[in-house]
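Residues per chain are reported as follows:
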Amino acid sequence: MSLRALTLVKEKYPDAFVEQYTDRTGGAWGVLKPDSLRQVLAHLKDDPQLDFKLFLSMDAVDRLQLTDSVPRFEVVYFLYSVTHHEHLRLKIRAGEEAPEIPSATSIFQGANWWERFVWDFYGIRFTGHPDLRRILMYEEFKGHPLRKDYPLRERQPLIPERPIRDIFRGPGTSGTA
Amino acid sequence: MAHADEREIEERPPEEDSELEAHLQTRRMMINLGPSHPAMHGTVRMRVELEGETIVRADPEIGFLHRGFQKSCENVTWNQCLPYTDRLNYVSAIMNNLGFLKAVEKLVGLEIPERAQYIRVAASELHRMHDHLTCVGAIGLELGGFSAFLYAIEGRELIMDRVSELTGARLTTTFGRVGGLNRDLPDGWIDRVNRTLDKIHELLGEVDGLLTANRIFVDRMRGTGVITTQDALDFGFTGPCLRANGINYDVRKAHPYWVYDRMNFDIPVGQNGDNYDRYLMRMEELKQSEAIVRQALKEAPPGPIIVDDWRVALPPKAEVYGTIEGVISHFKLVMEGVPVPPGEVYDCTEAANGELGWYLVSDGSGRPYKVHVRSPGFAILSGVPRMIEGRMLADLIPTFDTINMIGGEVEQ
Numbered sequence: 057m058s059l060r061a062l063t064l065v066k067e068k069y070p071d072a073f074v075e076q077y078t079d080r081t082g083g084a085w086g087v088l089k090p091d092s093l094r095q096v097l098a099h100l101k102d103d104p105q106l107d108f109k110l111f112l113s114m115d116a117v118d119r120l121q122l123t124d125s126v127p128r129f130e131v132v133y134f135l136y137s138v139t140h141h142e143h144l145r146l147k148i149r150a151g152e153e154a155p156e157i158p159s160a161t162s163i164f165q166g167a168n169w170w171e172r173f174v175w176d177f178y179g180i181r182f183t184g185h186p187d188l189r190r191i192l193m194y195e196e197f198k199g200h201p202l203r204k205d206y207p208l209r210e211r212q213p214l215i216p217e218r219p220i221r222d223i224f225r226g227p228g229t230s231g232t233a
Numbered sequence: 009m010a011h012a013d014e015r016e017i018e019e020r021p022p023e024e025d026s027e028l029e030a031h032l033q034t035r036r037m038m039i040n041l042g043p044s045h046p047a048m049h050g051t052v053r054m055r056v057e058l059e060g061e062t063i064v065r066a067d068p069e070i071g072f073l074h075r076g077f078q079k080s081c082e083n084v085t086w087n088q089c090l091p092y093t094d095r096l097n098y099v100s101a102i103m104n105n106l107g108f109l110k111a112v113e114k115l116v117g118l119e120i121p122e123r124a125q126y127i128r129v130a131a132s133e134l135h136r137m138h139d140h141l142t143c144v145g146a147i148g149l150e151l152g153g154f155s156a157f158l159y160a161i162e163g164r165e166l167i168m169d170r171v172s173e174l175t176g177a178r179l180t181t182t183f184g185r186v187g188g189l190n191r192d193l194p195d196g197w198i199d200r201v202n203r204t205l206d207k208i209h210e211l212l213g214e215v216d217g218l219l220t221a222n223r224i225f226v227d228r229m230r231g232t233g234v235i236t237t238q239d240a241l242d243f244g245f246t247g248p249c250l251r252a253n254g255i256n257y258d259v260r261k262a263h264p265y266w267v268y269d270r271m272n273f274d275i276p277v278g279q280n281g282d283n284y285d286r287y288l289m290r291m292e293e294l295k296q297s298e299a300i301v302r303q304a305l306k307e308a309p310p311g312p313i314i315v316d317d318w319r320v321a322l323p324p325k326a327e328v329y330g331t332i333e334g335v336i337s338h339f340k341l342v343m344e345g346v347p348v349p350p351g352e353v354y355d356c357t358e359a360a361n362g363e364l365g366w367y368l369v370s371d372g373s374g375r376p377y378k379v380h381v382r383s384p385g386f387a388i389l390s391g392v393p394r395m396i397e398g399r400m401l402a403d404l405i406p407t408f409d410t411i412n413m414i415g416g417e418v419e420q
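Chain order of the listed sequences is A and B.
Residue 178 in the numbering used here is what sits at position 122 of the first sequence, and the numbering runs on without skipping anything.
Residue 300 in the numbering used here is what sits at position 292 of the second sequence, and the numbering runs on without skipping anything.
Worth flagging that the hints you see were computed from the coordinates, not collected in a lab.
Yeah, the Cβ is synthetic: ideal placement off N, Cα and C, and Gly gets one too.
Treat each hint with caution, since some may be false.
No farther apart than 27 Å at their CA atoms in a straight line, the calculated lysine-lysine pairs in the DSS-like style are these [what the hints assert, rightly or not]:
1) Lys147(A) x Lys114(B)
2) Lys340(B) x Lys101(A)
3) Lys204(A) x Lys79(B)
4) Lys109(A) x Lys340(B)
5) Lys79(B) x Lys147(A)
6) Lys109(A) x Lys114(B)
7) Lys79(B) x Lys198(A)
8) Lys204(A) x Lys114(B)
9) Lys340(B) x Lys204(A)
Partial selection, computed: residues in chain A whose CB lies under 7 Å from chain B [to be verified]:
10) Leu110
11) Leu112
12) Ser113
13) Asp115
14) His141
15) Leu192
16) Leu202
Only chain A is shown next, with the shape it has when bound in the complex (with noise of 0.2 Å):
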């Protein structure tokens, strides 16, 4: 889908790639180097032939229960370029001491709330952010609740929750006991 797009990055970039890949359903995906994130994106919205220029979103994967789970984190860019019309889809492979890569809200403003979003949900810190803080948990929420580790029913109530007897499963773990 995107393939045009990443072999014109490449040619510029060489180095900057560790692998490219297209998945099963066709969409081509090319994994950076962290370090060159800024320069590639940078690069991919204001070359012409480029043009990715709308910054869909981004997210992270916990590959803790996969088979292949070594570096733990990958983080996903998606683009688009509203004058090829074209989706782009980017990686970048994070290990799981203390995970940091390079923020890309200096190239897209939309990046802010998205890495604010990753931070929160998976633990990875973004340098050069202007303001990472959590985004939808609250400030006094502890650990990362999208890691693959943090227990479904794991409760953190801001005031202590009466327990609930009753009830067979919960909420949480209080009516369990």
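Given chain A, work out where chain B should sit, using these hints.
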């Protein structure tokens, strides 16, 4: 795009007069709007720093409606995710259901029956009208035009009646299943829909007459909440909010899915990127959607509504009760879920507020490994401070209306 009136810009008072006015001492003030505030649609808290009536800084704080959408989806089977998707954009739930299913079907590699495709198009467009009617009505309401709101809500109510006949629920539709649809059109439904659309057409005329050329309404809308095209792209605006800036991007035209390539419709495109253009986009899309619903229901061919593959779709009840293969398929589907082979996919549909994107990862276990939803409202809300900073506090209300933020999808 015809402009509503040829009003002249009012002259500011001459300089000499304003010199007579005493200097008014003001100081910066921080006020909280929301999270429980009728104009904050859902539960967003806005911390607004004011200098007089001018907004110096605005900081939306979201998350009061967070339900752990992704975490919940990762722990149920693919079809069981559907009720969660209802609650993303609860004003156009069908589009969320079907958008999610389309991504799953792409990951499985399924082609759904033609009749299901037509019904999906019709149902989606019906809910697009539902969403836009709510938005347009709410704009009227919050700018003081209560009658316009009532007309729009009457139309919305009629659509809800049709939707409840089709899906069994007014709001949380849970419509469709992987591979097609869970139920066919009810008897006489097409006729009722066509009569409903006639009525809505009439009601829209009333709304249009009350708002579009209304002097007070135009004054509040035109030139307020402006965003430049550059910023709109940067923040990731899609849908009517992006098209109001003159960018012609609609997933239905750019990457046609289902049978949208056979439908006759136009995409309205604005030019100013202000509240008024965003309002006009929605009014025009209502008319286009009406045409699509009529055409899709007229042309829908007879035939099956779900794929005939028992690994994906539940077998007919007679087979479940009568044959051992039917029982086993039924059991496996209910207990283990649809077997989605390992892999990843990004897929998108055009929802009422813009591109609804899904990034799904499957590990082949029958449950999603990762469900990323690119909700259009999240990106648009992140651009709101840019649209209102340096403007009057009163502009915040129509801006918040026309972006049509839905708490459910923004806060997942």
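So, going through the hints one by one against the coordinates:
Note on Lys147(A) and Lys114(B): the hinted pairing holds, with a Cα-Cα distance of about 20 Å set against a maximum of 27 Å. Among the hinted pairs, Lys340(B) with Lys101(A) is inconsistent with the structure: their alpha-carbon atoms are about 47 Å apart, more than 27 Å. With a C-alpha separation of about 9 Å, the suggested pair Lys204(A) and Lys79(B) falls inside the 27 Å cut-off, and the hint holds. For the suggested pair Lys109(A) and Lys340(B), the alpha carbons sit about 45 Å apart, so the restraint of at most 27 Å is broken.
Among the hinted pairs, Lys79(B) with Lys147(A) is consistent with the structure: their alpha-carbon atoms are about 21 Å apart, no more than 27 Å. With a CA separation close to 26 Å, the supplied pair Lys109(A) and Lys114(B) stays within the 27 Å bound. Distance hint between Lys79(B) and Lys198(A) is fulfilled; the C-alpha atoms sit about 16 Å from each other, no more than 27 Å. Between Lys204(A) and Lys114(B) the CA atoms are separated by roughly 25 Å; this keeps the pair inside 27 Å, and the hint holds.
A threshold of 27 Å between alpha carbons decides the hint, and for Lys340(B) with Lys204(A) the separation of about 26 Å falls inside it, so the pair holds. With a least beta-carbon distance of about 5 Å to chain B, the hint placing Leu110(A) at the interface is held under the 7 Å criterion. The restraint placing Leu112(A) at the interface with chain B holds, with a minimum CB-CB distance near 6 Å, inside the 7 Å limit. Restraint check, Ser113(A) versus chain B: the minimum CB separation of about 4 Å is within 7 Å; hint holds.
The beta carbon of Asp115(A) is positioned within 7 Å of a beta carbon in chain B (closest approach about 4 Å), and the interface hint is therefore held. For the restraint placing His141(A) at the interface with chain B, the shortest Cβ-Cβ distance is roughly 5 Å, inside the 7 Å limit, so the hint holds. For the restraint placing Leu192(A) at the interface with chain B, the shortest Cβ-Cβ distance is roughly 4 Å, inside the 7 Å limit, so the hint holds. This hint holds: Leu202(A) has a C-beta 6 Å from the nearest C-beta of chain B, less than the 7 Å allowed.
Hints 2, 4 from the list above are not met by this structure, while the remaining hints are.
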